[in-house]
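Q: In case you want the letters, here they are:
There are 2 protein chains.
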Amino acid sequence: MTRGITIALDGMGGDHGLETVIGGVEIATVRHPDVRFLIYGDEALMAPLLVKHPRVGAVSTIIHTDVAVAMDDKPSQALRKGRRTSSMWMTIDAVKEGQAQAAVSAGNTGALMAMATVILKTMPNVGRPAIAALWPTMRGESVVLDLGATIGPDAFQLVQFAVMGQAYARVLFGTPRPTVGLLNIGEEEIKGTEQVKDAAQMLRSIKLPFEFHGFVEGDDLGKGTVDVVVTDGYTGNIALKTAEGTVRQVLDYLRNAIKSSIMAQIGYFLAQGAFRALATKLDPRSSNGGVFLGLNGLVIKSHGGTDAIGFASAIDVAVDVASADLLHKISDDLSLLNGFDKNPSGASASDATVSNAEVPTS
Amino acid sequence: MTRGITIALDGMGGDHGLETVIGGVEIATVRHPDVRFLIYGDEALMAPLLVKHPRVGAVSTIIHTDVAVAMDDKPSQALRKGRRTSSMWMTIDAVKEGQAQAAVSAGNTGALMAMATVILKTMPNVGRPAIAALWPTMRGESVVLDLGATIGPDAFQLVQFAVMGQAYARVLFGTPRPTVGLLNIGEEEIKGTEQVKDAAQMLRSIKLPFEFHGFVEGDDLGKGTVDVVVTDGYTGNIALKTAEGTVRQVLDYLRNAIKSSIMAQIGYFLAQGAFRALATKLDPRSSNGGVFLGLNGLVIKSHGGTDAIGFASAIDVAVDVASADLLHKISDDLSLLNGFDKNPSGASASDATVSNAEVPTS
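Protein chains in written order, with our numbering: chain S, 294 to 655; chain F, 294 to 655.
One thing to keep in mind: the hints can contain errors.
As the list makes no split between identical chains, a pair holds if one copy fits it or if it spans any two.
What the hints assert, rightly or not - No more than 30 angstroms apart at the CA atoms, straight line, and that leaves these computed lysine-lysine pairs for BS3-like:
1. K414 to K367
2. K552 to K622
3. K552 to K574
4. K490 to K367
5. K414 to K574
6. K374 to K389
7. K490 to K374
8. K622 to K516
No lab work stands behind these hints, which were simulated from the structure alone.
It should be emphasised that the depicted structure is a prediction, and the values quoted were computed from it without experimental measurement.
Based on the sequences and whatever the hints tell you, model everything.
A: Structural data, given as structure tokens:
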């Protein structure tokens with residue numbers, strides 16, 4: 294159901310600017326013919342590109358601004374100089390004003406998160422937003438969050454991430470009861486940071502519409518042990534980039550190994566279909582698009598360095614979450630946290646029983 | 294210079310026990326014919342293995358104990374039931390007593406770290422120990438620490454990790470001034486946890502025998518951007534396991550891609566030399582062996598699930614660090630931290646100038 298869906302696009306974010314955005318929309322028009330776009334950016338720069346891409350013009354409304362948030366602007370700078378007038382601000386504002394159901398920007402993450410939080414505000418029962426993305430696994434895909442929005446969340450914020458992440462997984466994978474794991478350095482209960490241990494205790498004690506699997510480790514990400522992996526933004530970002538770097542490293546080793554002999558090169562030639570399939574499977578562009586969760590509006594962050602193919606993937610994510618009405622699903626599930634005691638191990642543990650909390654009997 | 298080196302081995306650690314240890318020593322006798330071994334474990338179980346491996350018997354002294362620390366013992370349990378009598382305790386104690394220059398155990402990490410800390414104590418200027426290991430990179434190898442010993446170190450402890458890690462890199466790679474990076478979620482100074490930001494400030498302000506590169510990100514691990522990557526034990530452990538999992542995932546994809554067509558299988562057959570080289574390069578057994586740094590004695594942790602080939606790699610690490618006298622190099626470098634102000638941004642910042650601290654002029 295993509296009829297009636299409009300996506301707002303920041304035409305001036307990312308390392309490659311408008312060409313990436315317009316090229317991405319061109320691809321998206323084929324995949325989502327019913328979707329309409331609002332593109333915020335410099336009209337003069339856009340005009341020649343729209344001549345080249347008439348299909349984009351046919352489904353898009355261009356809103357002019359020549360104020361851009363720079364890729365190296367600090368969040369505070371971006372808010373100061375880009376308030377109301379920048380393409381990034383206007384893109385997010387379109388979601389707030391109901392002109393679009395989701396916004397996509399390849400602009401700088403810190404600025405985008407700051408602006409999105411200022412404009413859209415956090416949902417009830419959310420302390421801080423999280424960035425969620427799809428992680429390709431041996432079993433398919435998992436939702437992983439937070440990937441860099443919130444450094445040092447407390448235990449209850451990790452619980453909120455779990456609730457938001459599972460709603461995303463339910464919408465995306467159609468699993469009625471997604472499995473959720475907390476990223477840790479061992480499966481035993483005694484391991485890990487206090488936040489992670491306390492969050493696990495909370496997740497065990499409260500009745501929520503998902504299956505809490507317990508702790509998972511770094512290698513469970515690739516295995517796809519659970520549908521949703523929850524962690525703090527610092528660890529999640531490092532894990533994501535470590536995995537991306539490792540993929541490049543293995544492919545680099547593979548290329549060098551193949552170059553090392555004529556026989557291997559012939560073998561490579563014969564197996565090139567398989568290698569192409571591998572490259573497609575590992576292409577970071579196909580899993581581009583991190584969703585900001587916990588705000589009163591849907592904002593999708595595209596990698597800054599991506600191309601049109603990658604930007605089209607971020608648009609896919611926007612269309613998916615908008616047409617599934619993810620926002621309301623998340624806010625419904627978050628309401629289950631109403632009145633939940635945030636300090637079950639603290640001094641007020643004795644009065645920890647609230648409407649939705651339930652001590653498991655097993 | 295391995296003459297005169299003796300390595301103490303825990304015969305009862307790991308998932309596969311004595312066979313792995315004796316098999317590992319068999320391999321090590323070829324690589325290090327001058328090295329002698331003390332093996333702690335059950336004599337009755339060892340006897341038949343020594344008949345099978347006469348070369349091991351020729352270079353080893355067996356010290357009997359039938360008390361083993363279990364792989365799932367909590368550190369406190371291990372200390373209670375294994376004090377003095379367990380193979381793990383006796384192995385570490387041999388280092389303390391000067392009978393061996395390094396100890397190797399494949400036993401459980403928490404118990405090993407707890408016992409090693411109790412027996413050997415931390416060095417001056419060390420708050421908590423770290424586990425350092427070699428990380429294969431596109432450029433060669435980097436030292437990465439901490440991989441799981443210390444959860445939530447403060448900024449000054451991260452500085453200590455940097456000092457210890459660079460000493461290890463100097464000894465191992467022979468680089469006179471290793472480059473050191475702090476793992477973070479961006480290269481900008483405003484990003485990351487308070488601990489990481491404060492540690493960066495300290496590392497910039499103090500004169501140390503290495504090059505502080507600044508922040509590095511997760512993908513810099515595989516790239517080999519710096520010789521030493523410093524992080525906390527929680528993040529380091531998750532990054533390591535994420536990378537290991539990603540390697541398995543890519544190889545799994547590769548296998549499936551090749552299985553998908555006859556042509557690819559023929560290609561694989563022709564290129565199998567290259568694939569074998571790749572498999573060897575990515576074999577986790579060849580980088581097995583994490584060194585505990587910051588204690589008054591050298592202890593090497595082998596993966597619990599490794600085999601004889603992997604255990605031999607851990608012995609290699611032990612022989613390397615023992616023959617390079619890593620312990621004294623670390624303690625010399627740590628003395629540069631004498632009197633360093635741990636709160637440069639705190640209230641006492643005005644009197645931060647100490648003997649070895651130097652504010653950079655640029």
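Q: Any hints from earlier that this structure breaks? Give me their numbers in increasing order, please.
A: Numbers 2 and 5 - these are the hints that the structure violates, sorted from lowest upward.
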